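Got two chains here, each in a separate frame; can you build the complex from them with the hints?
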Amino acid sequence: MKFPRVFRREKSGIANFTMRGVKREEEQRRSVFTRRALLLAGSQLGLFGFLGYRLHTLQVEQGERYATLAEENRLSARLLSPPRGRVLDRNGAVVAGNRLNWRALLVAEHTTDVNATLETFTRIVPLTDNERARIEREVRRRRRFVPVIVREFLDWEEMARIEVNAPDLPGILIDVGTTRIYPEAENLAHIVGYVAPPAERDMDGDPLLQLPGIRVGRSGIERYHDQVMRGRAGSVQLEVNAVGRIIRELDRREGQPGQDIEISIDTELQKTVRGRIEEGTSVVVMNARNGEVLAMVSQPSFDPNIFNSGVSGAQWRQWTANRATPLINKTTNGLYAPGSTFKMVVAMAALEARVVGINERVVCPGHFDLGESRFHCWNRGGHGGLDMRSGLKLSCDVYFYEMARRLGMARMAAMARRFGLGVDLDIELPGTRRGLVPTREWREAQGLGWALGDTVVHGIGQGFYQLTPLSLATMTARLATGRAVQPHLTRSVGGRPMRGGRPEDWPSMGLPDRDLRLMREAMWAVVNEAGGTAQIAKLPGGFGQMAGKTGTTQVRRVSREQRERGFRVESLPREWRPHALFVGFAPHDNPLYAISVVIEHGTSGAGAAAPLARDVMVDTFNRFRVAPQPPGPRVAEVGRGT
Amino acid sequence: MSSSSPVFEKRLLTRDRGTGILQKLWQIPWLFVLLLCAVACVGYVALYSAGSGNPDLYATKHALRFGFCLVLMLCIGFVDIRLIARSAWIAYAVGIGLLVMVALHGEVGKGAQRWVDLGPLQLQPSELMKIVLVLTLAAWFHRASWERVGNPFFLVVPVVLVLVPVALIFKQPNLGTALITALLGGAMFWAAGVRWWKFAAIIAGAVAAAPIVYENLRDYQRARITTFLDPESDPLGAGYNIIQSKIALGSGGLWGKGFLQGTQGHLNFLPEKQTDFIFTMIAEEFGLVGAMGTLALLMLVVAFCFLVALRCKHQFGRLLAIGLGTNYFLYIFVNVAMVTGSIPVGGVPLPLISHGGSAMLTTMIGFGLLISAWVHRDAEFGPAQD
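Chains G and D, in that order, are what the protein sequence lines are.
Taking my numbering, the leading residue of the first sequence gets 1, the next gets one more, and so forth.
Taking my numbering, the leading residue of the second sequence gets 643, the next gets one more, and so forth.
Check each hint, because a few of them may be wrong.
[To be verified] Pairwise CB distance ranges, derived in the manner of DEER restraints:
id, chain 1, residue 1, chain 2, residue 2, range
1, D, I845, G, Q62, 31 to 39 Å
2, G, S31, D, Y862, 39 to 47 Å
3, G, P170, D, F901, 34 to 42 Å
4, D, T702, G, R99, 50 to 58 Å
5, D, Y862, G, Q62, 23 to 31 Å
6, D, E914, G, E138, 44 to 52 Å
7, D, I845, G, D251, 51 to 59 Å
8, D, S694, G, E109, 16 to 24 Å
9, D, L746, G, R140, 36 to 44 Å
10, D, P853, G, D251, 25 to 33 Å
11, G, Y53, D, I845, 19 to 27 Å
Please keep in mind that the hints were generated in silico from the structure rather than gathered at the bench.
Nothing here was measured: the structure is a model prediction, and the numbers come from that model.
The beta carbon of each residue, even a glycine, is placed where N, CA and C say it ideally should be.
With the rest of the complex left out, here is chain D (with noise of 0.2 Å):
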């Protein structure tokens, strides 16, 4: 209240764009939403083919499912953020309680606990955990000035936050999403200014620590790597995916075999062609120049959550959505080189696209979060915190 910078008081308490819901709803990014839209229509298209033509097996659950999480991201996009900032917490409860859940009673899928029943809907925790992960860190940094944050000890409760949730994904066991969860909440960590050097000690220690948790691998995740490292070790075993993967994108040349033209897919050869590996389904369709095409919308919705990170006023909305964009690019990138034979293969899907509603509900989630960080890109916080 001080008459020497009213203004900037005026700004910090008062000032806010966009409240009512009119003005909230001009606010929202609607080039943003219809370029969701053409991803799930690439989605719609290669499902359609996974399902040799039969939209019944694939592709109308999926347009349904993204026609419901588009509106329920939407709805999320009207809720001020910092009323988001505020429920962080009962997020990651949330969040833990379910993966504790699925710890104790969730239903056993390819060898291990990822999914709870919700009713109608099945969902996979670890998913949901990785965007409940980036709303909290988002919320722990989003005071913390930069010397505060240089502080080891302010960055110990962070560092347990992170922790937990990698620990019970590792233990479902899902090595994969847990090593991404943890490189999630890296990159948070680094956007909120850790220090440099305290990076370059945790990825020393990693690279020593590596063989002992080679050790302790299970042995399919193991087989992962060793399949990953020489594939064709056992082509019809481990290696067989990484083969037939790479055998569908090759032959799809620079202009693909045609839409629902791809042998590898709809002669069953490439396996789990509607969720992890449609994005060969799409290469080997549509050839180098539709890979390409989807890759590049899907870099602009990573660019688009880059943007609203570098709009927005608030410590908070810069956090949640550089998170967010760095989540949706995990996916992509991980999904991508699996199937390219690039890095070991995992169950990673690409979201929007893939068939599964877990990998859509979350994502969507989460998109419905940047769309109100860009909607309240100038909501006023408070100040930072020594």
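For reference, chain G alone in the conformation it holds in the complex (with noise of 0.2 Å):
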């Protein structure tokens, strides 16, 4: 009984605990449950709050750091590279120009097998192994839409095969930059000089630098005028994406081209010396009047075209190894002892100083006493009484180491820079040596002493003198005007004349002009007078007549015992011959044109540089019937009938 009453409560209480329990435990899930969702809640509402933060943080506070960052993103400025200038000569003749230069290009992206294009390339224009594996090279490199060069310089037929063929070459595109080309090769090589691609020390800041294929002079006027040759790099704003592809172009600034250059060279007259001389001779022809350098020849020259395309170790070898120095410009950079061209210049510092009267005789017996010291004359046999004009006519040694001993270094020296030697000229060709005028001072800064004799030597143009050709015809184109010219080249540049085209640019050198007359007198003497040592300079009928110095400078001693052999320097090996030299200018009266002629080892003055220097004076006569432009007055002060 009890049981089912139990048993019914029971179950009846476990039901109402059951549901009871049911229910109350569904209550605490349920407030459990509620409870923390809303923390849940909470803290992803937090969590949102952080992201909104975030966002704020990055587009209102750092937003312009982050849009000036998107814009330098997007924006890829290019730089268009300008023209170069190119160098006229003074008849407007192109000497250093820019050539079109066809190539052939090859964009990866837009072949599916670089390979098999380069396969098909070679059968039409066969390309070397290295070239190959230059251009793989650069194509795995590179982004697949850079093109990459395959070949430069395609002549006509090559093009026209390549483009016949185009179907058949997927990739291949053919597109025209420029070169630098000098179509006078050698003969204005010194001059005009070079370009080559830049080394890292040309990188002055310029951006047009670091443009490929562009080229920097290297030399000669190609370096001088350098920076306006260059231009100004033009520029382009492009809209780029992620991988730098162009998508559009915003803006376009044009650069400026680069500036041509006339130079005071005749390139006819240039070629026509050229064609003269041998290795190791120098000349200069100079416009005495506003020191134009009209023809500059040093040979032998090279070819700068070669530079362009980048000169092989073989041919700098080659060049280098060359004892005749092909590289270097010997009117600017060659060093000679000046020998009896230098008398002109002692002669004038014995006037100004009034160590000598102009018809003061001095008595040459073949040689000159010094204490012990013995200083021969050339002429063994003695010249006897002489003046000023017969000295330097007959170039008596002996009176010039009078001159010397009477005048001293100094003011040799000092007259001599006046002259223009052993001082910078200032010539549009970098590198150009200046020369050394030796002194006392010099010597001792060396540790060495200066003896008398030393002077006396230099009187006569021998001994540590180290001067350049270029200021030999210098000196001589003051001698023949009385103004302080200064040798250049540069006539215009962008058509604008530079300063110095006229004879009243240059200032007077205030030397008196009695004497410097004397020296036109006597040089025209050294030429045309019977017994002058270079008679065979004597210019034909109708050119009027030239003055001129002849110079013979040892370049090694010549011993007592083999003067006594009587020995002939053509017996000697070539290198240990004298160089000849000879200064003038022409026509004597109203001096228009100044030479100079370094040959060396030429043996004699008079026997070898002389008549070139006839023949060159000729030359150049027959360039310029009329008077080198610009034509300008005549210089009264200079003429002198004789």
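Listed below in structure tokens is the structure:
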């Protein structure tokens, strides 16, 4: 009885309990769930807040910074390379120009198989294995849409063959760039110079130098006027995407093309002179009135076009191993003792210092004794009594030994510098040597002494002098005009004439007219009077007359024994023979042109240099039947009838 | 059947709301459906821009896909929640099966096996698994009373239920999704009433184990962490994405660069702009205003899930809704935190907005379950068990 009741009760109790339990459980679970759900929702709301805060920080607080970064991403400035200025000679002929350079380029992304394309290309225009390797290397290294140069300097036939086969050459395209060309090649190499790809030290901050294919002047006019010839880079603002592909052009600023340089060289004269001379010879022809260099020839020379496409090691070794130094411009960098061509400077110094009278006679017994030492005249027999005019005309050594003794080295050196010897001439050829006129101070700086004997020897242009043919031509022009003309090559830059084209641009040297006239008179006599040392240089009729002075400088001391044995220089090996020099100007009564000739180991100034100078002077007159441009008024103080 | 509580009996056993089709149709939360359509529209606009104004690239596909998923979602919404609860175990088996399948012969994408090819649809089982896991855990905890949940032995089965898929996903390898799945499981445990101290212990253990885990990470996973900590250290490599994404976001400013005017996106500085970085695209072109607006819409979606959770009369529906809400929240948070450079980059999409079928499909299936929970929020399940 109890059991069922109990059971029922139990059951009902259980049921009740269960029902209540279920309800309580349910409520408990629900309240826990609600609490926790709200906590979860709260934390999620907090995290949303964090995201909002992050977005605010990035987009508002740092927005400007990121906007700048986005612009930088988007924009890419590319430089446009301007054409390099040309070099023109005085007649307007191009001596350094830009040639169109047709090139075959390969765009890797336009072809499915780079190798197949190159294979086909090789069958049309043969490529060497080296070229293949370079192309494949560049294709790997660059992005696939950047063109790679396959072959430069294509000729018409090659281009035609490529164009015809274009369907079989996917990815190959032909485009045109420019390259430097020197039509005169060797003829003007030392003057115009050459260009080469910029090296690290050339990077002067000009963005232009970063451009591929850009060239900078490495020597000569190309280097001196590099900045103006280079021009200013233009630029384009491009919109690019993440891989650098150009989407569109936003802005374009044209650059400034390089300016043309007109130089004073007459190419025809230059070529004619070059045809006349051998290795080791330098010739400078100047307009005596304004210092323009008309021809400047140094043999041997080189082809500057080779530098443009890169000099091979073999070529370079060949140039540098050559004893005749083809890369060196001997007119500006060759250093020689002036020999007797220096005697006018000594004479001018003596006259200015009043250590000698114009008509004072000095006796030449064939030698000059100073203490124990004896200095010989070139004429062993002696010249007898000589005034200054005859001293120069006969090139008597004893007369000038005596002048040197009276003057001292300092006064001779000072006069030499006034004539442009041993000083900077500021010619537009970088690397030009200043040369050296020795002085006691210079010698003592070397820790060595200076004896009176040294002074005496330097009176005839021998000794420690190191002078360039260009400075000797300058000296001659100054003697001829009395003006401190400087040699120069630039006539105009970008069409604007340079200062120095007119004789009045150059100041007077302040030397007495009377003394200068005597020099010109004596130099005229050297060439045109009986007994003059350079009568061989007398010009043929119709050109006026040339005035000049020979010089012969020993490269090796002649010993007393040799002298007594009666040796002949012709018997010496060539590299021991003396250098032959000649300086001159013409016409003597109205000087237009000054010339200097140096023939290394030419044996004798009178024998080798003088006739060459004569021929070159005739060439010059033939080139300029009228006076060289610009025609200046005749220089009154220079002209003097004889 | 006791007379003492007939009302309760009746409610417990028979009372049910909206059993008829029409009643159910009435019960469908149309405002929520509208909300999802709005989110998908944001996605359409963003993808239209990502395709540089060409809808054929991404946008049209997105719209079609959403249309299909919408129908699927509504269909699921009609299914009785109790049937869904009973099917949880089958779903779990299918989910694990797919994960194993993908591990054995899945498509390899970006260095990991994540995809399984189901005819016209490529599916990432790890995405589906998250929904299935929520479903299964909800079913497991549905009958558990407060006391029972407090019993550690009761937790062994659900822990295994979580760890098996997490391990499988981790092995793919997909560290990001594995962590998110684990977090999702944790949220379910939390909502089910697992005690505080157990979470504290787990977190402490995880912190202690972090160095060991780091040692065993793949190189690219480690790279993500290091580049996250210092993105500038490798601006062209692994840090590139983060830097470019931040530039895109930042340059958008308050009002943005304008529709189709985003330079970062259109010039391809932005990687994967149509998928993981779609939010960046929105923020660049529509600025902070657009980004916050999008976030607000997404927040409403999550908020609705919580509303369903709080309104459900049965624990299964409550847990299911909170799990689905948290799942969607985790997508949003991880994705947006990732593109703002707040957490390491991982391949987490922004479902319904970013391009990609898997996430949308699984998310919409999830929302189908949510709708079903809402429609059947007063359904009777029977009592909790001790």
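How the hints compare with the structure:
no.	hint	verdict
1	D:I845 with G:Q62: 31 to 39 Å	holds (33 Å)
2	G:S31 with D:Y862: 39 to 47 Å	holds (46 Å)
3	G:P170 with D:F901: 34 to 42 Å	holds (39 Å)
4	D:T702 with G:R99: 50 to 58 Å	holds (56 Å)
5	D:Y862 with G:Q62: 23 to 31 Å	holds (28 Å)
6	D:E914 with G:E138: 44 to 52 Å	violated (31 Å)
7	D:I845 with G:D251: 51 to 59 Å	holds (57 Å)
8	D:S694 with G:E109: 16 to 24 Å	holds (20 Å)
9	D:L746 with G:R140: 36 to 44 Å	holds (39 Å)
10	D:P853 with G:D251: 25 to 33 Å	violated (54 Å)
11	G:Y53 with D:I845: 19 to 27 Å	holds (24 Å)
In summary, the structure is inconsistent with hints 6 and 10 from the numbered list given earlier, while agreeing with the others.
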